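K.L.:
Now for the letters of each chain:
2 protein chains.
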Amino acid sequence: AGDKANGRTLVYTCNGCHGVPGTNNAYPQYPVPKIAGQNAQYIISALHEYKSGDRTHPTMMAQGQSLSDQEIEDIAAYLSSISPK
Amino acid sequence: AGDKANGRTLVYTCNGCHGVPGTNNAYPQYPVPKIAGQNAQYIISALHEYKSGDRTHPTMMAQGQSLSDQEIEDIAAYLSSISPK
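As you go down the protein sequences, you meet chains A and B in turn. Note that the working numbering numbers the first sequence so that position 42 is 702, with each residue one more than the last. Note that the working numbering numbers the second sequence so that position 55 is 715, with each residue one more than the last.
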């Protein structure tokens with residue numbers, strides 16, 4: 661199971677893009693998705709897809725590759741525990 | 661720009677999976693993502709990625725292929741206008 665406290669620390673990185681309303685993806689240009697309150701298992705699935713390259717996005721693939729399976733679970737446990745914004 | 665009223669009609673289909681808390685994707689098994697209140701441009705980007713096959717998910721690719729560009733904008737206008745759940 662994910663460790664929410666560790667996830668809270670790890671999402672410091674995510675907030676650089678996902679925590680700022682209206683922050684745009686570089687190309688193609690669109691606001692990055694909201695992730696607060698998202699389903700834990702969907703977050704886990706998405707991060708593993710980026711890590712494996714099944715889902716392609718340069719920044720998110722790099723993030724996925726930098727995370728262990730446990731860290732991905734920790735991030736999902738934290739994000740799914742907070743309210744959507 | 662998207663037509664919220666038409667989007668509201670179109671999301672009837674989405675709600676079969678996305679509108680029911682805890683509904684699982686078939687394989688790999690995980691809860692489908694929450695989409696209410698998501699950023700409009702992210703929804704547009706995701707549906708176009710499914711439509712083109714850049715993002716692969718059998719059900720969502722079929723949905724993307726069934727939608728016109730205008731219908732995708734309508735869905736995004738509606739979903740981004742409602743509160744996250």
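These are computed hints drawn from the structure, not numbers from a lab. Just so you know, these numbers come straight off a predicted model, no measurement behind them. Possibly wrong hints are sitting among the right ones.
In this list, chains with the same sequence are indistinguishable; a pair is considered to hold if it fits within one copy or across any two.
[Claimed, not checked] Below 20 angstroms or equal to it, Euclidean Cα-Cα: the simulated SDA-like pairs (lysine to any residue) are:
| id | residue 1 | residue 2 |
| --- | --- | --- |
| 1 | K745 | R715 |
| 2 | K711 | L727 |
| 3 | K664 | P691 |
| 4 | K664 | R715 |
K.L.:
Take the hints in turn and mark each one as holding or not.
P.N.:
Consistency of the hints with the structure:
no.: 1; hint: K745 <-> R715; verdict: neither (25 angstroms within a copy, 26 angstroms between copies)
no.: 2; hint: K711 <-> L727; verdict: within (8 angstroms within a copy, 29 angstroms between copies)
no.: 3; hint: K664 <-> P691; verdict: between (26 angstroms within a copy, 19 angstroms between copies)
no.: 4; hint: K664 <-> R715; verdict: neither (25 angstroms within a copy, 29 angstroms between copies)
Going through the hint list in order, the structure does not satisfy hints 1, 4.
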